[in-house]
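Undergrad: Sequences listed follow chains A and B, in order.
So for the first sequence, this note's numbering puts the first residue at 1; every next one is plus one.
So for the second sequence, this note's numbering puts the first residue at 1001; every next one is plus one.
Bear in mind the hints are in silico, worked out from the structure with no lab data behind them.
Just so you know, these numbers come straight off a predicted model, no measurement behind them.
Check the hints yourself; a few may be wrong.
[To be verified] Cut-off 25 Å, straight-line C-alpha distance, at most; resulting in silico cross-link-like pairs (DSS-like, lysine-lysine): (1) K111(A) - K58(A); (2) K117(A) - K96(A); (3) K1013(B) - K23(A); (4) K1013(B) - K21(A); (5) K58(A) - K7(A); (6) K1013(B) - K1203(B).
[As the list claims (entries may be wrong)] One side only, chain B facing chain A, incomplete, derived with CB under 10 Å: (7) L1003; (8) R1047; (9) V1049; (10) D1050; (11) E1053; (12) M1056; (13) W1058; (14) I1061; (15) N1077; (16) T1082; (17) E1085; (18) L1209; (19) L1210; (20) E1211; (21) Q1258.
Backbone N, C-alpha and C fix where the C-beta goes; we use that ideal spot for every residue, glycine too.
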Amino acid sequence: MTRQNEKLSFGQTLQKIRRAKEKTQREVARAIEMDFSYFSRLENDRFDSRPTRETIDKIATAMACTAEERNELLAAAGRIDEDVEKAAKQAAENPKLADLFRSLPQLSNEKLEELWKQVQSELEDKPRPKQRRR
Amino acid sequence: MLLVEIEISDPSKYVSDAKVDEIALAYNQAYRERGQNKAGFPVDMERFVDLLEVSMLWEEIEEPYEAVFLASYTPDNGGLITINERHRRLFEERPDVYSSCLGHEVGHRVLRHHEHSAFSSEPPSLFSELAVVQRVFHKSSWSQYGLTKEEVMKRKLMEQEIAKKAIVSEQARQILAQLHNRFEPEWMFWQAEHFSLCLQVPKDRLLELLEDGWDYASWRGIYRLGEHFVVSGSMMRRRLTKLKLIKVGDDGQPHAIQQTSQENLFN
Chain A
1 MTRQNEKLSF
11 GQTLQKIRRA
21 KEKTQREVAR
31 AIEMDFSYFS
41 RLENDRFDSR
51 PTRETIDKIA
61 TAMACTAEER
71 NELLAAAGRI
81 DEDVEKAAKQ
91 AAENPKLADL
101 FRSLPQLSNE
111 KLEELWKQVQ
121 SELEDKPRPK
131 QRRR
Chain B
1001 MLLVEIEISD
1011 PSKYVSDAKV
1021 DEIALAYNQA
1031 YRERGQNKAG
1041 FPVDMERFVD
1051 LLEVSMLWEE
1061 IEEPYEAVFL
1071 ASYTPDNGGL
1081 ITINERHRRL
1091 FEERPDVYSS
1101 CLGHEVGHRV
1111 LRHHEHSAFS
1121 SEPPSLFSEL
1131 AVVQRVFHKS
1141 SWSQYGLTKE
1151 EVMKRKLMEQ
1161 EIAKKAIVSE
1171 QARQILAQLH
1181 NRFEPEWMFW
1191 QAEHFSLCLQ
1201 VPKDRLLELL
1211 EDGWDYASWR
1221 GIYRLGEHFV
1231 VSGSMMRRRL
1241 TKLKLIKVGD
1251 DGQPHAIQQT
1261 SQENLFN
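My request is simple: use the sequences and hints to build the entire structure.
TA: Spelled out as structure tokens, the structure:
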């Protein structure tokens, strides 16, 4: 397995994105009113607990992250996108939806793409809540 | 990532000051080319560390009795500079010390000190039976960062005193072993120190100023140069002395060194 394919920790992901944005730890910490030494510990995975979604959102905003980068941070922290979380809650109350959720990861990327297009065309006529392409 | 096209020889105490200066200049020029700072000074050291893709961490570093650790560098996971949270106030009050300290740790990284055998195998030791503390090397502030010669001397005497007691005291042996294990060898310290200074006061920029007639043969002129490069006056003095541009006479005043080889510096 190449290094690129290795799963990055939250701190490594944060550091990778922050460097790509050419912002220093201090600049990001200042923008979110966080102590920079605390931020440095966050970036070096020195905490046992995961950062909250709120903290991740603040950091993502301060670094002007794209939706994809924000989701990358959330995923690295073991948290899922808010919309996905909402859908998962709905699935808990709807067995059909739950079955669909469980089956989706078994599909190939091509099939998922196909399905996604189908869903999109179904939803085109309907106003829908904020959707993010993952 | 900062890319430099300069050969960096294997770490050794025989790497000359001039070579370290050359390496630091190459890094400073790469920093300028990245568009961070066209002048090349003052170097935003935190940004520089990021460009080297070295991680930075603020954390409390345990300090042995009467020793001061400002920061450390470990090569693990692409490199990590740990800054001792215990001295945060000093760093906030003295940004020049903070910059120099980071520059020093960067020096260890660039000069690949961690690859030296001093850190990969144990030197012969009278106390080899003692458990070896994980070897990391630290910035020891006892040399010139605000500490007087007396304080430096005090530390050296303390070490000698402990060495005497080590013959009979297990605790003293342990303290001594810890001190030896955790301080970088002197030559590494001074090389990293020289790198830091050369990085902060790039040779080409300094010589340009001197060529333009900047006064460097008076304390006032030297301190003004220091302000210009955002380093302390004593650091500026050291930079000029190492370049053999000045010497301090018996009268306590700096004097420009007149020599033919100096002319070459400006060509």
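Undergrad: It remains to establish, for every hint, whether it holds in the given structure.
TA: Do the hints match the structure? See the list:
At roughly 35 Å between alpha-carbon atoms, K111(A) and K58(A) are farther apart than 25 Å, so this suggested pair is violated. Using a Cα cut-off of 25 Å, the hinted pair K117(A) and K96(A) holds, with the two alpha carbons roughly 20 Å apart. Distance hint between K1013(B) and K23(A) is unfulfilled; the C-alpha atoms sit about 36 Å from each other, more than 25 Å. A threshold of 25 Å between alpha carbons decides the hint, and for K1013(B) with K21(A) the separation of about 38 Å lies outside it, so the pair is violated.
Between K58(A) and K7(A) the alpha-carbon distance is near 23 Å, which keeps this suggested pair within the 25 Å criterion. Note on K1013(B) and K1203(B): the hinted pairing holds, with a Cα-Cα distance of about 22 Å set against a maximum of 25 Å. Interface restraint check for L1003(B): the shortest CB-CB distance to chain A comes to about 15 Å, outside 10 Å, so the restraint is violated. With its C-beta approaching chain A no nearer than about 6 Å, R1047(B) sits inside the 10 Å limit, and its interface hint holds.
Because the beta carbon of V1049(B) sits about 9 Å from the nearest beta carbon in chain A, less than 10 Å, this interface hint is met. Satisfaction of the interface hint for D1050(B) is found here, the shortest Cβ-Cβ separation to chain A being roughly 5 Å, below the 10 Å cut-off. A distance limit of 10 Å between C-beta atoms decides the matter here; for E1053(B) the minimum to chain A is near 7 Å, and the interface restraint holds. This hint holds: M1056(B) has a C-beta 6 Å from the nearest C-beta of chain A, less than the 10 Å allowed.
Using the Cβ-Cβ criterion of 10 Å, the hint placing W1058(B) at the interface with chain A is satisfied: the shortest such distance is roughly 3 Å. For the restraint placing I1061(B) at the interface with chain A, the shortest Cβ-Cβ distance is roughly 13 Å, beyond the 10 Å limit, so the hint is violated. A hinted interface residue such as N1077(B) counts as satisfied when its beta carbon comes closer than 10 Å to some beta carbon of chain A; here the least separation is about 9 Å, so the hint holds. A hinted interface residue such as T1082(B) counts as satisfied when its beta carbon comes closer than 10 Å to some beta carbon of chain A; here the least separation is about 9 Å, so the hint holds.
This hint holds: E1085(B) has a C-beta 6 Å from the nearest C-beta of chain A, less than the 10 Å allowed. Restraint check, L1209(B) versus chain A: the minimum CB separation of about 28 Å is more than 10 Å; hint violated. Interface restraint check: L1210(B) against chain A, minimum CB-CB distance 32 Å, threshold 10 Å, status violated. Hint on E1211(B) is violated. Least Cβ distance to chain A is approximately 33 Å, over the 10 Å limit.
Because the beta carbon of Q1258(B) sits about 44 Å from the nearest beta carbon in chain A, more than 10 Å, this interface hint is broken.
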